[in-house]
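Engineer: As a plain string of letters, each chain reads:
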Amino acid sequence: MTAAFLILAVLTVAGGVAAMTLRRLVHCALALTVAFAGLAALYVNLGAEFAGLAQLLVYVGAIAILIVFVVLLTRGGESEPAKIFSPAAMTGAAIAMAVFAMLAWAVKTSGVAGRVIPAAPQASMRAIGLGLMQRYVLPLEVIALMLTAAMIGAVILALREKPGSAVDKVRTPPVPEQRG
Amino acid sequence: MNPLAGCLLVSTLLFSVGLAGALTRRSAILVLAGIELMLNAANLNFIAFWRFGPHPEALTGLIFVIFSIAVAAAEAAVGLAMILAIYRHARTSDVSEITEMKG
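Residue numbers (the numbering used here), protein chains in the order written: chain A, 1 to 180; chain B, 181 to 283.
Read the hints as simulated data drawn from the structure, not as lab findings. Hints are not guaranteed to be accurate.
To be verified - Stretch-level coverage of chain A by chain B, calculated; a stretch enters the list once three of its residues show a Cβ under 8 Å from a Cβ in chain B:
#	stretch
1	7–19
2	39–53
3	86–100
4	103–116
5	121–135
6	151–157
What the hints assert, rightly or not - Computed footprint of chain A on chain B, listed as stretches where at least three residues anywhere in the stretch have a Cβ under 8 Å from a Cβ of chain A:
#	stretch
7	190–196
8	224–230
9	246–255
10	262–268
Yeah, the Cβ is synthetic: ideal placement off N, Cα and C, and Gly gets one too.
Based on the sequences and whatever the hints tell you, model everything.
Structural biologist: Rendered as structure tokens:
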């Protein structure tokens with residue numbers, strides 16, 4: 001366990017906590033970006049450069065921007081009313097703490113801490129590319145199809161519906177005449 | 181504590197934070213952000229077990245994380261589009277106020 005790992009871990013967890021506790025949604029989105037970037041740095045620290053770069057591109061570059069866009073489009077700039085200690089919030093926090101306690105206990109008693117650490121593996125771009133093109137080519141194609149479908153679905157969902165437009169006709173069946 | 185246990189503990193913390201956020205926050209955007217945090221915790225576990233596991237040359241954990249990131253991107257796009265559509269319909273993105281389908 002190196003100092004770099006500790007610093008990155010603290011940064012990531014602090015970003016996550018800030019993203020889930022801050023009041024203003026824009027601040028939450030920025031803290032979430034910090035958490036995602038810290039995770040990318042953790043991946044690089046663990047020797048998975050390609051996954052770290054993919055995380056940086058997809059999460060920091062796309063998802064965080066998308067979240068900021070939605071925050072602005074839904075007028076989420078106004079802060080939520082302060083109800084930190086409402087019963088629902090306390091219940092949720094208690095459930096999360098129970099889950100954390102159980103998982104930490106499982107990690108502690110699993111014997112993982114006593115294992116010998118193997119040498120750092122080699123994960124060259126070439127090996128990853130060959131794996132994606134040979135052994136995992138079918139999952140890659142499935143993912144490509146799913147991304148296309150998700151993209152079309154997201155565009156259709158977010159299209160602004162005007163009364164009488166084609167989207168409106170497809171989505172809502174004609175309303176029958178109301179009888180007085 | 182060895183590095184693998186450290187990674188697992190960090191990922192456990194991230195998962196709990198995301199779970200607490202998804203359960204307690206009332207903005208639908210933040211619920212989605214909490215779900216993303218939980219997904220990222222799982223990804224960190226995959227990377228940790230790939231790095232410290234017995235057969236890293238098979239690259240399974242790494243490839244799984246790449247696919248998982250792609251699925252998360254699709255999920256975030258569709259989820260945020262749904263939040264936009266609901267906002268346009270109900271003029272709010274507060275999950276406790278959208279109760280039309282409550283049984």
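Engineer: List in ascending order the numbers of the hints, as given earlier, that are violated by the structure.
Structural biologist: none
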